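Enquirer: Residue-level listing of the chains:
2 protein chains.
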Amino acid sequence: MRQETIENYLKTIYNLSSDNSALVGNKALADKLKLKPATVTEGLRKLHDLKYVVYEKSYGSRLTALGARLALNIVRRHRIWETYLVRELGFGWDEVHEIAEELEHVKNDKLTNKLASILGNPVYDPHGDPIPDEKGKMQKSNFIKLSEARTKLNYKIMGVTDHSSTFLKYLEKHQLTIGTHLKLKTIEAFDHSIVLQYNKKELTISVKAAELVIVEEV
Amino acid sequence: MRQETIENYLKTIYNLSSDNSALVGNKALADKLKLKPATVTEGLRKLHDLKYVVYEKSYGSRLTALGARLALNIVRRHRIWETYLVRELGFGWDEVHEIAEELEHVKNDKLTNKLASILGNPVYDPHGDPIPDEKGKMQKSNFIKLSEARTKLNYKIMGVTDHSSTFLKYLEKHQLTIGTHLKLKTIEAFDHSIVLQYNKKELTISVKAAELVIVEEV
DNA sequence: ATTAAAAATTAGGTATACCAAAATTAGTAA
DNA sequence: TTACTAATTTTGGTATACCTAATTTTTAAT
Chain R
-6 MRQETIENYL KTIYNLSSDN SALVGNKALA DKLKLKPATV TEGLRKLHDL KYVVYEKSYG
54 SRLTALGARL ALNIVRRHRI WETYLVRELG FGWDEVHEIA EELEHVKNDK LTNKLASILG
114 NPVYDPHGDP IPDEKGKMQK SNFIKLSEAR TKLNYKIMGV TDHSSTFLKY LEKHQLTIGT
174 HLKLKTIEAF DHSIVLQYNK KELTISVKAA ELVIVEEV
Chain F
-6 MRQETIENYL KTIYNLSSDN SALVGNKALA DKLKLKPATV TEGLRKLHDL KYVVYEKSYG
54 SRLTALGARL ALNIVRRHRI WETYLVRELG FGWDEVHEIA EELEHVKNDK LTNKLASILG
114 NPVYDPHGDP IPDEKGKMQK SNFIKLSEAR TKLNYKIMGV TDHSSTFLKY LEKHQLTIGT
174 HLKLKTIEAF DHSIVLQYNK KELTISVKAA ELVIVEEV
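From first to last, the protein sequence lines stand for chains R and F. Position 176 of the first sequence, counting from 1, maps to 169 under the numbering used here, and the rest follow consecutively. Position 68 of the second sequence, counting from 1, maps to 61 under the numbering used here, and the rest follow consecutively.
To be clear, the hints were calculated from the coordinates, so they are not data collected in a lab.
Since the list gives no way to pick out one identical chain from another, each pair is judged satisfied if it fits inside one copy or across any two copies.
With a Cα cut of at most 20 angstroms, we get these calculated EDC-like pairs of lysine to aspartate or glutamate:
hint, residue 1, residue 2
1, Lys29, Glu0
2, Lys138, Asp155
3, Lys100, Glu(-3)
4, Lys100, Glu88
5, Lys103, Glu91
Values in this document were obtained by computation on a predicted structure and should not be read as measured data.
Based on the sequences and whatever the hints tell you, model everything.
Expert: In structure tokens form, the structure reads like this:
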């Protein structure tokens, strides 16, 4: 199996299971990888043989310790590069995902660590995702989705779960960037859309958007 | 054909024809690409169909204008990255070739140009190779191989044609780095080894080494 | 001009990464 | 429990990028 193929599978399985270590289904994996389920079935059988995943036929797969180590490495490289592109090379947070998808496959620990060191070993990337350290350890947090926040309380935007350029541009247009403090004013009863108060103004956003924004109570 | 495969063929054909536009043989190409000649024959047929090369069966191939444009682009990325790795990220000139082999395939003009701009749009890379600009234009020079230099004259080291770590470390050990001024003292009659005078010392080097060092008369 | 060596091509084959269509299995809703 | 739907796997197939061994073409030396 090509190294890049392996890395893409493992990274994606990692991103889909995130917190828990639940089984990831082939359909979801195929969608993220832009492959057909039949292809993914085949790929998982090989990754299982290579001991990167435990593949439970018809139920899904999860990373082994070995697979998780590799996945965390790729995630580290991706997030370090995103941070470097934004902070050192002047890219916007909506531009860096695609580039980092390529750069993450450049395997050279000295390079990754040098970039991290220049950045002061950052703990979060420009989308608020935690950056694993060399050993795979990363910041724990009690962030929640904006869609799960409660009215009257104060929050701070900590990240996003959709890295697409369209979504990020939408947020930027409304000054909803990382670090922004906001209050949840009301939740519309009929469609659950959310009225936010921040920067001395009000904005109504859809549940769909609110599901992709990560906040912390302050 | 995979983009990376195309890029590796074109870059290598470019590097092997360099100055002239002579035909590049399949054996030489196969050796550089670490492939078998049979594989290269197949690859060239496809590149010919794609209009990147003119492939003259049994005689060799040369780049078309289209192929040369792509090749120059990759060469530009490679050399910009090498320069960036050395000048901005603290790598040694003997370490950067392998890393740049991977980075050169990251296709994003804004990135390449940003790096170039940070570096002040350099015209030579850390091995003395000229860096093409966005349009593919690059510095002309009248450099010669140290093995072709004449006695009594003064020269300055401008580059190397072997980027291997072992060779570069050998040069560095003897303070034969880019910019070093030297005089060709004598050429031994029997094996043509060369006695150099520089930095208040003398050093004898083999023809083999002298063929890989590029100098300019000063 | 002949011939031996070197280079290139052809023929035939493998492994990988993908796919569509058919068959199976799992999950769900009545 | 049944029957439908969605997810998954199997089957059979394609294209790419490689290889080895055999053959042909080119080049160089006499």
